[in-house]
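Residue numbers (numbering that gives the first Met the number 0), protein chains in the order written: chain A, 0 to 300; chain B, 0 to 386; chain C, 0 to 354.
One thing to keep in mind: the hints can contain errors.
Unchecked claim - Quick list of in silico lysine to aspartate or glutamate cross-link-like pairs, EDC-like style, CA-CA up to 20 Å:
1. B:K225 <-> A:E160
2. B:K274 <-> B:D203
3. C:K181 <-> C:D348
4. B:K225 <-> A:E68
5. A:K212 <-> C:D107
6. B:K160 <-> B:E141
7. C:K174 <-> C:E128
8. B:K206 <-> B:E362
9. C:K232 <-> C:D348
10. B:K371 <-> A:E158
11. B:K371 <-> B:D112
12. C:K104 <-> C:E31
13. B:K371 <-> B:D211
14. B:K281 <-> B:D374
15. B:K106 <-> B:E121
16. B:K128 <-> B:E105
17. A:K194 <-> C:E56
18. A:K143 <-> B:D262
19. B:K281 <-> B:E207
20. A:K143 <-> B:D159
21. C:K334 <-> C:E288
22. C:K174 <-> C:D157
23. B:K160 <-> A:E160
24. B:K342 <-> B:D370
25. B:K160 <-> A:E158
26. C:K232 <-> C:D157
27. B:K225 <-> B:E322
28. B:K122 <-> B:D311
29. A:K194 <-> C:E163
30. B:K215 <-> B:E362
31. B:K182 <-> A:E68
Hint data in this document are derived by calculation from the structure and do not stem from the laboratory.
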Amino acid sequence: MAEISAHETVSGQLPAAKPAAWRLGPGRANAVPIILFLLIGFAAPLLAVIGYSFMPPRTFGLWQTPTLENYVSVFTGTSYISFLWSLGLGAATVLLLAVICYPVAYGLARVFGRWSTLLTLLFTIPLFVSENVRIYGWILFFIKNGVLLGTFKAWFGVEPESWLFTQGIIVLGMVYVYLPFMLFPMTLGVSMVPKETRDAAFDLGATRWQVFKEVDLPLSMPGIVIGFLLSFVLAVGAIAEAKVLGGQKVIPITHDIEIAFTYSQNWPLGSALAVLLMLVVGALVLLVLRRFDLDTILGRR
Amino acid sequence: MFTSKLSRRNFMQQSALWASAFAAGGTLGVRSAMADRSKELNILCWEGYNSAQVLDPFRESSGATVKAESLTNDPTMINRLRAGEINVWDLINVNNPWAREVMWPEKLIKPLDRARFEPYYEKMLPAFKPPYKWALDGSGQELIGMAQRFGPYSFVVNTDKISKESAEDQGWDLWNDSANAGKYGILESDDWNVFNLCCIAGFDPFKEHSDDEVAKFTDAAKRVFKGAKLVGDIATMNQALVSGEIDFHMTGGTYSVSPARADGATNLRAITPKKGPMAGGKGGIAWIEITSVVNNPDVSPLAEQFLEYVQDPEMSHTVAFAEGTFNPVSQMGNPDCFKLFTKEELDAIQWDTLEEEMAASAEYDIVPDYDKLLDIMTSAKREASGG
Amino acid sequence: MTTRSPVIDLRQITKRFGNFTAVHSIDLSIGEGEFFTIVGPSGSGKTTVLRMLAGLESPTGGDILLRGQRINDVPANRRPTCMVFQSLALFPHRTVGQNIEFPLKIRDVAPEERRKRALQLMAQLRLPESYYGKNVTKCSGGERQRVALARALAYNPDILFFDEPLSAIDYKLRKTLEKELKDIHRETGKTFIYITHSLEEAMVMSDRIGVMRQGRLVQVGTPNEIYTAPNSKFVSEFIGDVNIVPVRLVNGNTLQSDELGAQFVAPPMPSGFAAGHLVVRPESLRIIERREDAENALRGKLYNEYALGSRIQYQVRVGEQVFIVERLRQQALGKQRDSDVLIGWNTADSILVGD
Chain A
0 MAEISAHETV SGQLPAAKPA AWRLGPGRAN AVPIILFLLI GFAAPLLAVI
50 GYSFMPPRTF GLWQTPTLEN YVSVFTGTSY ISFLWSLGLG AATVLLLAVI
100 CYPVAYGLAR VFGRWSTLLT LLFTIPLFVS ENVRIYGWIL FFIKNGVLLG
150 TFKAWFGVEP ESWLFTQGII VLGMVYVYLP FMLFPMTLGV SMVPKETRDA
200 AFDLGATRWQ VFKEVDLPLS MPGIVIGFLL SFVLAVGAIA EAKVLGGQKV
250 IPITHDIEIA FTYSQNWPLG SALAVLLMLV VGALVLLVLR RFDLDTILGR
300 R
Chain B
0 MFTSKLSRRN FMQQSALWAS AFAAGGTLGV RSAMADRSKE LNILCWEGYN
50 SAQVLDPFRE SSGATVKAES LTNDPTMINR LRAGEINVWD LINVNNPWAR
100 EVMWPEKLIK PLDRARFEPY YEKMLPAFKP PYKWALDGSG QELIGMAQRF
150 GPYSFVVNTD KISKESAEDQ GWDLWNDSAN AGKYGILESD DWNVFNLCCI
200 AGFDPFKEHS DDEVAKFTDA AKRVFKGAKL VGDIATMNQA LVSGEIDFHM
250 TGGTYSVSPA RADGATNLRA ITPKKGPMAG GKGGIAWIEI TSVVNNPDVS
300 PLAEQFLEYV QDPEMSHTVA FAEGTFNPVS QMGNPDCFKL FTKEELDAIQ
350 WDTLEEEMAA SAEYDIVPDY DKLLDIMTSA KREASGG
Chain C
0 MTTRSPVIDL RQITKRFGNF TAVHSIDLSI GEGEFFTIVG PSGSGKTTVL
50 RMLAGLESPT GGDILLRGQR INDVPANRRP TCMVFQSLAL FPHRTVGQNI
100 EFPLKIRDVA PEERRKRALQ LMAQLRLPES YYGKNVTKCS GGERQRVALA
150 RALAYNPDIL FFDEPLSAID YKLRKTLEKE LKDIHRETGK TFIYITHSLE
200 EAMVMSDRIG VMRQGRLVQV GTPNEIYTAP NSKFVSEFIG DVNIVPVRLV
250 NGNTLQSDEL GAQFVAPPMP SGFAAGHLVV RPESLRIIER REDAENALRG
300 KLYNEYALGS RIQYQVRVGE QVFIVERLRQ QALGKQRDSD VLIGWNTADS
350 ILVGD
């Protein structure tokens with residue numbers, strides 16, 4: 000009876016009226032509402048998107064003859080440019096974040112002591128402000144005659160070229176917005192490394208670098224991997240940075256999806272792009288998780 | 000400053016909209032036809048009509064629950080009706096051709112009582128005197144909606160960099176001058192960008208296009224997007240104009256520049272080219288919003304009441320200066336309404352030249368091969384980014 | 000023991016953390032090949048001393064000499080010393096073999112050589128060869144102790160430090176491991192410096208013991224010296240069950256206990272002694288028939304008795320104070336609770352200590 004899914008029971012008759020084989024254990028029975036909620040709230044929209052991706056282009060119903068046309072047009076068109084931009088910007092963001100966050104995480108976990116709480120708070124506060132507002136803040140900072148260039152002009156009399164609306168500023172924006180998503184798991188990871196274990200490695204003759212390589216890095220890997228995955232998935236799904244800071248110099252795949260759903264009114268095409276994005280990101284995440292099995296890293300297996 | 004449009008551009012929000020649209024197709028559509036809708040009104044509109052300034056007095060006087068959702072392009076709204084939300088909405092507010100040429104033939108909207116509503120047109124600005132083309136169906140028999148906000152919509156310049164006169168004379172050729180690369184922006188209003196690119200390529204957007212014209216369009220799209228300093232929303236465009244990042248941007252008019260002008264940046268100005276490829280040699284394009292009653296089988300009785308409510312001089316002025324963007328309204332033909340506008344407000348909407356700009360503009364119409372041109376443009380935009 | 004040449008010399012070693020002084024000016028000399036144990040309650044500063052010796056903390060004042068060379072500024076990874084930590088600090092992401100080979104890998108020893116040495120150490124520490132590829136987190140507590148020790152030995156240090164490695168181990172296994180450790184000490188001939196809060200554990204293994212209290216080294220001596228001649232009430236109490244009576248010197252060699260209202264003959268006392276504690280071990284205290292049977296005697300009531308395997312322990316109440324008397328099982332008293340008993344001791348079996 001353990002094999003009966005909650006779904007079957009719900010769609011079937013009253014469980015109590017059925018023979019014993021139909022009865023659910025209390026745990027599973029209690030899980031039914033949550034499973035239903037997840038099916039409706041999570042699975043249904045996803046299935047709708049998948050369904051739409053097989054509908055003829057520029058149609059609005061879900062009950063037509065399925066077609067692969069949308070996927071064909073994605074693969075024969077120039078959408079790959081957008082995919083590459085999204086993945087490339089995501090990768091660049093994650094790598095920069097790793098380099099920036101590790102020392103900060105190390106400091107938060109080991110060096111700053113009671114200042115850590117304050118610093119953590121400072122890193123958290125921006126999360127309470129809408130991402131768009133923060134990005135517009137950067138616009139005001141970097142724009143011609145803005146905070147940075149305006150001040151520079153006032154002090155030195157020369158005005159350098161504005162950095163806005165370039166690929167570099169997109170990465171800066173993404174690094175800024177997704178920093179906490181790398182920093183906090185990483186800090187957790189670093190603080191999970193026992194002090195005595197590091198002392199032991201050092202005492203056994205390891206240099207500071209060897210301690211880092213042999214102990215710190217592998218033992219904080221769960222936090223690092225989670226930070227990588229979290230910030231990568233978010234960064235690949237980013238859109239505002241490219242649209243606002245980048246002045247749409249770059250069209251990431253998310254923007255393509257948005258265009259398909261709005262101006263193009265091509266829901267099936269947008270759905271196909273969304274499905275492909277999910278597949279690409281999902282595959283990458285699985286690949287990473289296979290390579291870095293969290294339980295193995297933690298020595299639980 | 001010009002941040003009013005930020006949130007609308009948020010992708011997550013857009014996604015949520017689509018999720019709700021999917022859901023609406025399935026669940027809302029089967030809502031009981033017996034539901035009492037006398038205290039409920041749902042409006043699908045461009046922003047402004049969804050503001051508290053406009054809705055709250057109506058909510059108070061009618062005691063009804065009024066829900067208004069704003070979107071920033073016409074096809075999206077119409078496709079939501081097509082996707083099954085015709086059972087949800089009572090009023091729809093879109094640009095002129097969509098009511099007459101798309102929604103009416105598709106039976107997405109229903110006619111208004113001509114005797115009750117046509118007299119309102121008598122009091123509007125002269126251009127709207129009945130019979131007003133965009134308020135009527137193709138046969139001229141049925142009144143299908145009410146006009147209110149309108150405006151010329153071609154491009155915007157910083158007159159400190161390019162004078163009004165030279166911009167009007169040069170017109171769309173501003174984008175054909177390679178010296179201007181890197182000096183202009185493009186508003187992310189993709190449907191209008193298609194029109195503008197047609198004008199830049201030298202032909203009328205509102206007709207079926209030949210292969211030769213499509214090829215010219217493709218070239219223009221690649222060139223114009225490549226040369227753009229940035230693409231962004233209205234707030235970004237105005238910010239970039241004020242700061243000097245750009246000198247001018249395409250797709251723009253009183254609708255987009257009025258918030259900046261109201262904020263004191265009167266050196267920014269909507270420009271209507273003196274000549275161009277449109278019928279009659281016109282160089283500009285103008286829009287007129289038409290608000291229609293949705294052909295909802297269970298339409299709210301408040302729908303028509305609301306249409307009358309916004310004709311009131313006071314409310315017309317509120318609509319003109321509702322949050323977001325500021326626009327002229329047809330009701331300004333009524334002295335009772337016009338006198339409510341201050342000098343600054345008239346200046347923000349460029350009242351001084353409004354009449355001649357409207358006269359120099361062709362009225363927004365349907366582009367028969369819009370889908371094809373949009374795909375070409377989207378691809379050109381992407382390739383420009385691929386560099 | 001004193002004939003050994005010193006391998007470690009502590010000269011007025013002091014360690015302060017902010018305003019807190021963890022270690023107060025310690026002087027100590029430890030001989031080559033010695034098994035030296037520092038014992039003290041938690042917070043007494045013993046771990047800090049060990050960490051300074053290992054190079055994981057630097058002293059605030061004083062010098063650490065290794066065979067006469069000052070090593071204050073030599074970092075842990077360059078000292079010929081190695082520590083077995085309280086938590087063992089094994090590398091959880093590595094196998095038993097990789098853990099043991101770690102110090103060899105650090106020194107770029109060839110993999111084959113590393114493996115050979117690891118297996119050798121595993122054999123010496125009675126770890127099955129099949130454990131070589133086993134994840135350390137899968138090992139039992141005792142096995143992990145052996146891996147940690149093997150790893151430290153693989154470093155081939157001159158001095159091994161142990162920071163209470165057996166504290167989390169159950170009694171029986173601890174007893175086994177204590178003996179094993181002493182055997183390893185003998186086999187390797189290395190200097191072992193061990194830390195524990197259990198004097199009993201220290202007694203079993205050590206050549207010499209240093210007792211620490213509140214950052215100070217209060218007594219250093221062989222287990223026998225510490226046991227038979229504690230120099231303070233603190234040390235004598237630390238050893239285990241003990242009878243302590245506060246006394247003052249009234250004249251010549253007569254001690255007065257005000258609580259008990261009794262007088263005793265004083266054993267040899269430090270010069271200038273005026274008041275302190277008289278210490279009598281439970282096995283030196285006897286149940287006697289008549290007062291004359293011992294040089295000092297007290298009358299009390301039998302309160303309770305406990306069987307301790309080969310011995311029996313009696314608690315005898317004299318006034319408010321409870322005395323502990325131990326006898327061999329064969330000499331069981333066979334008396335009822337609350338019956339009157341006479342306890343006594345010979346002056347030579349008692350010690351006078353200060354605080």
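Violations among the numbered hints, reported as their numbers in ascending order: 3, 4, 6, 7, 10, 11, 12, 14, 15, 16, 22, 24, 26, 27, 30 and 31
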